[in-house]
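Q: One letter stands for each residue in the lines below.
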Amino acid sequence: MHMSRCCSTLALASLVLALGAAPARAASHREAPLMTLDPAADITDVYAFVSYDADNLARAAGDRKVTLILNVIPAQEPSSGPNYFAFDDNVLYEIHVDNNKDGDAEDIIYQVRFQTTVDSPNQFVATLAMPPVTDLEGPNAAGMAIKQRYTVTELKNCKEKSKGPKCKQKTALFGGQSKPTVPSNIGPKTMPDYAALAAKGIFTDPDTGIRVFAGQRAETFAIDLGAVFDTVNLRRTPLPVETVVEDANDAINPFGTNAFSGFNVNTIAIEVPAKRLTSDGASPSTANGTIGVYASTSRQQVTVRRGAPALNPKKPPSDLLEGKKSFRQVSRMANPLVNELIIPIGKKDLWNATDPSDEAQFLDFYRNLAVADALKAVSGVDVPPKPRNDIVHLLTQYASQDPSKAPFAELLRLDMTVPPTAPASIKRLGPLAHDSTGASTPDPAGFPNGRRPNDDVTDLVIRVAGGKNYIDNRVGDGVHLNDKGITSDFPFLPTPFDGRDRVHKDPGE
Amino acid sequence: MTLRTAAVALVGVLAAVSAAAATPADQAIAAAERRLGQQQDRPDAYVELASAFMKKSRESGDPGYYRRASAALDRAFALDPNDYQALRVRPWVLLGQHDFRGALAAAERAREREPGDWWNYGTLADAEIELGDYDRATDAVQRMVDLRPGLPAYTRAAFLRALFGDRAGAIDILGLAVAAASPQDPETLAWTLVHLGHEHFALGDLDAAAAAYTRALASFPGYYLALGALGRVRAAEGRLDEAITLYRQAVERIPAPDLVASLGDVLAAAGRADEAEREYELVDYTGRVARATGTTNGRQLALFYADHDRRLPEALRLAEQESASRGGVYTDDALAWALYKNGRVAEAARAAHRALRLGTEDAQLECHAGLIAAAAGRPRQASRHLRRALALNPYFDRRQAAVARTALAALDGAARVAL
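Protein chains in written order, with our numbering: chain A, 463 to 971; chain B, 2 to 420.
It should be emphasised that the hints constitute simulated quantities derived from the structure, not laboratory data. Where a beta carbon is used, it is the ideal one built from N, C-alpha and C, also for glycine. Careful, some of the hints might be misleading.
Said to hold, decoys possible - So the derived list for chain B, only partly shown, Cβ under 10 Å to chain A, looks like this:
#1 W120
#2 A126
#3 A180
#4 E188
Claimed, not checked - What the simulated footprint calls covered on chain B by chain A, stretch by stretch (three residues with Cβ under 8 Å from a Cβ of chain A suffice, anywhere in the stretch; the number is not a length):
#5 83-93
#6 106-118
Input sequences plus hints: build the corresponding full structure.
A: Take a look at the structure:
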C-alpha cells in the first residue's frame, strides 16, 4: 500500500508538471460569454426597389409595386447540418418607411414575428427519415423536424415611444394568420424540387395586395472580402482598375474572387403596392413618390432584478418581467457598408441601437470618411477634400432637400416614380453604368436610388468615396456578381445553394 | 453586409472544412496568427490573438491561455498604449487571471473612453460580482441589457437573478440566451446550456438539468463543463458507474480540483475508497503545487479540504486569502465553512449570514449555515436552514446532504426530548 501510494503520487506529480501546474488555477470564476455572434439578428443587407418582374413591368406607372427586403444570418454554409438556419422567435424584425421626408421612418412599419414548432424535441437533426419534403405544411412537410411560421403586421402613422411605436393604424396581414417559412435547402433527396417548394412560400394578402416571403435564399451580395481584409490587397496591381470593356460587362468577375459565392442568407421580402406606401395613398408623383427605408432587428428587453417572490409579495414576478413586450433595437441597416466603413469600432453597437433620425451625433465620421483615406493610402490617388458634406447629404438627406435645413437620417431612399429596369437591362453600376466604349448608359433604378439585389455596391461605394479620380479610372474589387445572376421574380433573390451539392466558385470557374 | 461578423463566420466555415478536428478557438488562434504573419504593426491583430486565446481558455478550461492572452495584449499596448480595442479586452483577461480589482479599474477606464459600448458594462459587472458589489453589478448589467440585449447580457442578468433568489427568472432569461446563440459558435451555446442546467439542478430538477447538459454535449462534444455537470446528475440519480465515466472524461480534459474531487466522491460512494483516495491526493497535490508557485484557486481548494476534513488550517488560510482578494456570497460561504471546520463557530456564523444576505436559493449555502447554526447552539435556526437545503435540492452534494440529514435528525430528536 505504502509502495503504491508513493508511486501513484509520483505519477500524479509528473501529470501535474506536464500540465504546467496549471490546474490549480483553473477558471473557477463564472466566465460568461462576451464575444458572441448574433446571426439571427444580424442584418446583412437591405433592398428597396420597384419590382422588376414581368407583371410589374407591364403595370401602369401608378399601379406598380415596391419590394422591400431584409436579409439576416450571414454567410450560411449550405452544408451546415444538422441544425441549419432559422429566424429567432425572440427577435422582432422590422422594415420602416418614411414617406413625408421628415427623416422619421415611422410612417409605415412592417413587423415580422416568428414562431417555431419542434415536432421531435429530442432529436438534433433537421429532418426525419420520412418521405421527401414537397410541401411547407401538412403530411408532405412531415419530414421537417422543426417548422417556423410567421406573422406580418403593418403599422401606420406611428410615433416612437420608449416602449415601442404607438400607431394610429394597424393591419394584421392574412387576418392575423401565420404563414410557413421556407426551410433551408438541405439537398435533393430531402427536397427533390426545392424551387417548387419555395414557390409555395409566397403569399399574397387579398385585402392589401401585399406579397410576402420568408426563408432561405442565395446570397447575391458579392465582394472580394478576402482581399479587402488583407489590407485592401486587391488582385490587380499596381492599381485595381478595370478596363472600359471589363467594367461594362456585368457577367464577369474580371480579377476578384467573390467571398460569398455558394453561401446563403435568410430573407424576409415584402412587396407592397406603391400607393400604399405614399403619404396620401395616391399614386407616386414628384410630390409624394420618394420614400426612405431602413430595417431593424430588436431583442427582448429584460429587467435584471425583478425581485424574488418573497421580496415582492404584492407584485407577482410575471408583472415585473417587463421584457415580454419591450424590445431594444440591436441592428439596423439602410445604405450598404455604413456601419462597416463609416462608423468606428467602439461606436458600432451604439450606432446599431440608435434610431436613424438621431444620426446627427455620428456625422463627423461621415465628414471625415476614413475609408477615403484608406483608399488614398493604398492607391496613392487623391481623394476629395474634407469635410465630405457630399457623403452626409447623399446618405442622410433627400436629394431635393436643402442640406443646411433638412434633418439628418440615414435611410435608403427610393424614388418610386422611376420606372423599373427590365432584368436584361439592369446595370450593376446604376447611375455610373457605361457601355464598352465608355459612353454613359445610366440605369436610374439602382443604388443609390434604392438598392436592388445585384447592384454592385462595393464598386459604387469605392468610387463615390474616392471621388472623380476613382470614378474615371473605374476602381473596384474586380467582383461584379455572384454566380446565380439576376432573379427576375419575387422575392428577387435566387434559389439557395443546397447542402449536398453546393460549391463555392465564381462565374466561369 | 456586416463584414466583420460575416468574416468571422466565413473564417469559421472555411477553416472547418480544412481542419475538421480544430475547435472554433483553435481556428481563431490560427487565423489571428496568420494575420500577424503579415501585419506585425497592427495593435488590433494582437487584440484578435488575445481574444482567440481567451476563447481557447474557456473552451479548454486551461488557464495557461490567460498568460498568452495577456502577453498578446502587452504587444498591442506596446504599439499603441491608447488602443481602444486593447483597453476593452484588458479587463476580460485580468478577470481570467483573477485580478478582480485590476479588472474593475481596467473596465472603468474602458467605459470612460466609450460609455456607449455595452461590452464595458459586461466586464465591469463581472468584476463587481467577483468583488461582491452586487448593486453596482446589477446597474451595470441593466445598462448592458438596455444597450444591447443578447446572449452576453442575458447570461449575466440570469446570474444576478439567481444570486438574488430568483432562479425561475434566471431560467426564463437563459431560454432567451439559448435562442440567441449562434450555431457557428457551439462552445458559447454549450456554455449557456450548462448554466441553464445548473439552474435546474439547483432547484432539484434532475431531468431538466440532464437534458440541458446533454444538449450542450451535442452542441460541443467533449465539453468538460458539461461532462462534469452531467456526472453530477448521474451521481445524484445513483447511476455511479456512469458518473465515474463522465467525471473521468472531464478530468482527462482538464484536472480542475473540483472535478477531481467530485470524481473521488463518486468513487468513494461506489465503495472504491482506494481509488477515491488517489483522486483526493491529486487535488491535494495540485493545491501544494499552487502554493509553491504562488498561484491559488483558493475557493475550490478550501471547500475541498473542509469538506474532506483534510489540512483544515490550510483550508482556512486559503479561504481567508480569497476573502482578501475577492468578495461575494460564495467566498463568504467558503470562509464560513473553513472557519466552522476549524472550530471558530462564532465567526463562521457571521460569514454564513453574509453568504445568505442576497436570499440566494442554494442548498450548499443553506446546509453550511444550518450546520454552523447547530454548532453555535441555535437549533431552530439550524433546522430551518437544513430543511431548506434539502427541500431546495436534496441532490446538491452526496456527502453533505447525508451530513445534513443526520444533523437534522439529531436536531429533531433533541427537540422532541426538550418537549
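Q: Please go over all the hints and tell whether each is borne out by the structure.
A: Now the hints, each set against the structure:
no.	hint	verdict
1	W120	6 Å, holds
2	A126	9 Å, holds
3	A180	5 Å, holds
4	E188	9 Å, holds
5	83-93	holds (count 4)
6	106-118	holds (count 4)
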